[in-house]
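Number of protein chains: 2
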Amino acid sequence: MPDITDIEAAARRLEGRALRTPLLSSPFLDEIAGRRVFVKAECLQHTGSFKFRGAWSAVSALDPDTRAKGVIAFSSGNHAQGVALAARLHGIASVIIMPSDAPKMKIENTRALGAEVVLYDRANEDRDAIGAQLAAARGLTLIKPYDDHMVIAGQGSTGLEIAEQAVAEGITKADVLVCCGGGGLTAGIALALESRSTGLRPRPVEPAGFDDVTRSLATGTRQHNATHSGSLCDAIVTPTPGEITLPILARLCGPGIVITDEEALRAMALAWSRLKIVLEPGGAAALAAALFHAEQIATPDVICVASGGNVDPEVFARAMATLA
Amino acid sequence: MPDITDIEAAARRLEGRALRTPLLSSPFLDEIAGRRVFVKAECLQHTGSFKFRGAWSAVSALDPDTRAKGVIAFSSGNHAQGVALAARLHGIASVIIMPSDAPKMKIENTRALGAEVVLYDRANEDRDAIGAQLAAARGLTLIKPYDDHMVIAGQGSTGLEIAEQAVAEGITKADVLVCCGGGGLTAGIALALESRSTGLRPRPVEPAGFDDVTRSLATGTRQHNATHSGSLCDAIVTPTPGEITLPILARLCGPGIVITDEEALRAMALAWSRLKIVLEPGGAAALAAALFHAEQIATPDVICVASGGNVDPEVFARAMATLA
Chain A
250 MPDITDIEAA ARRLEGRALR TPLLSSPFLD EIAGRRVFVK AECLQHTGSF KFRGAWSAVS
310 ALDPDTRAKG VIAFSSGNHA QGVALAARLH GIASVIIMPS DAPKMKIENT RALGAEVVLY
370 DRANEDRDAI GAQLAAARGL TLIKPYDDHM VIAGQGSTGL EIAEQAVAEG ITKADVLVCC
430 GGGGLTAGIA LALESRSTGL RPRPVEPAGF DDVTRSLATG TRQHNATHSG SLCDAIVTPT
490 PGEITLPILA RLCGPGIVIT DEEALRAMAL AWSRLKIVLE PGGAAALAAA LFHAEQIATP
550 DVICVASGGN VDPEVFARAM ATLA
Chain B
250 MPDITDIEAA ARRLEGRALR TPLLSSPFLD EIAGRRVFVK AECLQHTGSF KFRGAWSAVS
310 ALDPDTRAKG VIAFSSGNHA QGVALAARLH GIASVIIMPS DAPKMKIENT RALGAEVVLY
370 DRANEDRDAI GAQLAAARGL TLIKPYDDHM VIAGQGSTGL EIAEQAVAEG ITKADVLVCC
430 GGGGLTAGIA LALESRSTGL RPRPVEPAGF DDVTRSLATG TRQHNATHSG SLCDAIVTPT
490 PGEITLPILA RLCGPGIVIT DEEALRAMAL AWSRLKIVLE PGGAAALAAA LFHAEQIATP
550 DVICVASGGN VDPEVFARAM ATLA
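Order-wise, the sequence lines are chains A and B. For what it's worth, the numbering used here labels the leading residue of the first sequence as 250, then goes sequentially. For what it's worth, the numbering used here labels the leading residue of the second sequence as 250, then goes sequentially.
The hints are simulated quantities; they were obtained by calculation from the structure and are not laboratory data. We put the CB at the ideal spot given by N, CA and C, even for glycine. Certain hints may be false.
So, partial list: chain A residues that the calculated Cβ filter (under 7 Å) puts toward chain B [as the list claims (entries may be wrong)]:
#, residue
1, C292
2, K525
3, I526
4, G558
5, L572
Derived DSBU-like pairs: lysine-lysine, alpha-carbon spacing no greater than 35 Å straight-line [unchecked claim]:
#, chain 1, residue 1, chain 2, residue 2
6, B, K393, B, K318
7, A, K422, B, K355
8, A, K355, B, K422
9, A, K353, A, K318
Computed list of chain B residues with no C-beta within reach of chain A, every gap over 12 Å [said to hold, decoys possible]:
#, residue
10, D314
11, G319
12, S478
Looking at chain A on its own, in the form it has when it is part of the complex (with noise of 0.2 Å):
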């Protein structure tokens, strides 16, 4: 299990290179939650969401003759640029895994970060095998989303920046809420409060139908969603929690909340309007579940990380629909 030691060598090794994201808030959202605001603006990160924390510390800790060799990930979505530009900074190959229904923006972004873009059919092929036989023949490093010891340090960094800000706003007490897939973000933000900031308690956020974290919280056992797509935050929709993150988030975290895809849209809006950032629908699940279920929080300020901001123009558009 990485611990706040791991955390801080990542945190090391990612300084110059990650951006260390604002601390953003609005009066007009603090009316609206009741409370207090501050949101952790990671769409702001480099490749727009904090999985370049990961990447880059998952990449920069590889030993030289292996990283040499290039590095593989599955992926269609915000763990595939981070890989690729972190590959790309070191000078080395990166094999992305997609399925060929991937928005083809994604596609194109990824390719354009210099990846080598291997795509497969969710039908009929086996994603697994084909990434496999590309590692072996090619020596590739395969690096995992989230349940991985380096992942989850480097996006612990993000933590690190939260204590720091938080004090910097006289912020004691607070829930920190954060947009919860595989968990690895919720990981390593909850170690990093455990040994920083102890006013500080990290609850993951999920969409509705796809809480198996929330619900593993609660019952003490692992949990598994009924289905595997249908949510607008695609970005935080897994089957069930990673090996290596659960007993952490079990050990650290408040209990979850459960938004809904129109609570993350209008969460979207608001972040348009009032705090002048964009955000993809699972990046804004924290902040909705800051202004839509202020019931379920207790503490007198609550600090909500914005994710990611991947989104297409034709969900965004929905998003700016709610707004009229």
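Once you've looked at the hints, dock chain B against the given chain A.
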């Protein structure tokens, strides 16, 4: 004329009050511009534009007895909100004189920030007379939008941050493009850079048809715009350069750059997709210059100040339509 000492003093008064906005970048924007592009995201500042800096600087510099009587400002836009919030945070009254045909949302926001909004009829009422009467009756101090020593000093704090952030990014020689209306932000940044970073040269950016500063710099004499409205970049449309600001700009700035409304809309869309920030047309002018007038820039890197993000959904939708 304000100097670096005034700017440093304003920056100290702004410490912990103004957001230290990040310097953003994207390899996709670098590719369009043909050089490294850095964006100072002042749209993330409190009230959605840099105007809060100057307003806070001016209000906080008043002697306490004068300040306690309240402040007054004329503005239909960003300065209004900056003054309203600065006054509220000081616990004093603010009166904002706005045209009755100003966008409803801006009137509502200014009221919601605690200001007393006084509407006047542009066609039949004398704004200055209304303001003078109110100010005299209640002892209010006028906070001008740009032609004010303390306001310029406050905007200059943006330049101090740019100088520090440039060092962190390894930027040694760059044009600093600034969206320019009356010239308060540009003058403040110019004074800060003169003292702190000789490799960084400020340059004003203006919309076509409203390029009074660009023409004033080129001719060496004060120029006026032919009309007072008709640009999407309403935030940076002013009749002529400020009395205090023009001599500073003439001494320290490189040539102005003129952009079109269409270019501003395209820059807004790229800021949305590549940087995950929300810009208004006038706030996107500098980025538009970097992306679409690269031939007028000779430095290896360019820094653009993204000065504001207070835009109506309808105008934003026009920007998004340029992505199709």
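Quiz prompt | Hint numbers contradicted by this structure | solution = Violated hints: none at all, because every hint is consistent with the structure.
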